[in-house]
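Everything in the sequence shown is counted per numbering that gives the first Met the number 0, starting at 0 for the first residue and increasing by one.
Please note that the accuracy of each hint is not assured.
To be verified - Below, a list of computed lysine to any residue pairs in the SDA-like style, where the Cα atoms sit at most 20 Å apart:
#	residue 1	residue 2
1	K13	G24
2	K107	G237
3	K197	D215
4	K13	V131
5	K106	G248
Hints listed in this document are in silico derivations from the structure and should not be mistaken for laboratory results.
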Amino acid sequence: MKGLLIKDFFCLKKQLVNYGFIIVGVIVISVMFVLSYNFGNIHAGFAQVMESEQYNETTVMRIARSAMLMFMLIPLACTADVVNLFTDDEKASFYKVAASFPVSVGKKVACRFIAAYLFIAVGVAVDVLMTVILSLMTDIISLGMFCSVIVSFASLILMYISIFILLAYLMGSKKITYASVIPLLIGVAVYAAANFGKLNDFIAGVNDNALIELYDQATEFIFHQSYILLIAAIIISGVSYFAAVYIAGRKRGVA
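Construct all of the structure, not just a fragment, from the sequences and the given hints.
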């Protein structure tokens, strides 16, 4: 099982190298943004628009927090790209070799999930590092909010990857693109269904501020109710694992 994990991380080697460059860039840009927000051009620009009453303090804070959320999301969003775990095995016909290993289907599938979990853990570690740095430099988002954001984003990525791995086993490596897109469509559909009323009001022109209200609702949820996303992620991940084991067991030679 350890050997399978090592093999999976070799499949992710290219992503890890690119990931390193992305992370350095994100950290540098986020620090530059905070410094500019506190002392530089961004600070001067926000002060000017507030004086001209184009934006109020709430709007300015919403814009600044949006930028911070984007910086926090990027390191974890990059960890969602685990397609190579399946495509590399397909190219090398590794499934034929894996079938002869004295390892159960459950453990083979578990290796996929564990490799993805460890990749997410790397993203969480990067976000924690950014949290320590940025929380000392700004009060745009408090330390507690930073931590809640990490839990929320990690939970969303965990849900995405769990469903993706399940679909990859179900649909096969040749349809891996569909497996990577469908979880996103499911997420959008669930969010749209949960907020159908406000979206309908915006489309119908009844409430022009509906999108802003949805944004504020989403950020408040991320900041203060991340535990709900975490519980949902754990449940979805568990169900996806057992379903993937069942599918891999029925489709011999795909684990």
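These are the hints, each one checked on the structure:
1. K13 x G24: Holds, at roughly 17 Å.
2. K107 x G237: holds, 15 Å
3. K197 x D215: OK: K197 and D215 at ~13 Å, within 20 Å.
4. K13 x V131: violated, 28 Å
5. K106 x G248: holds, 11 Å
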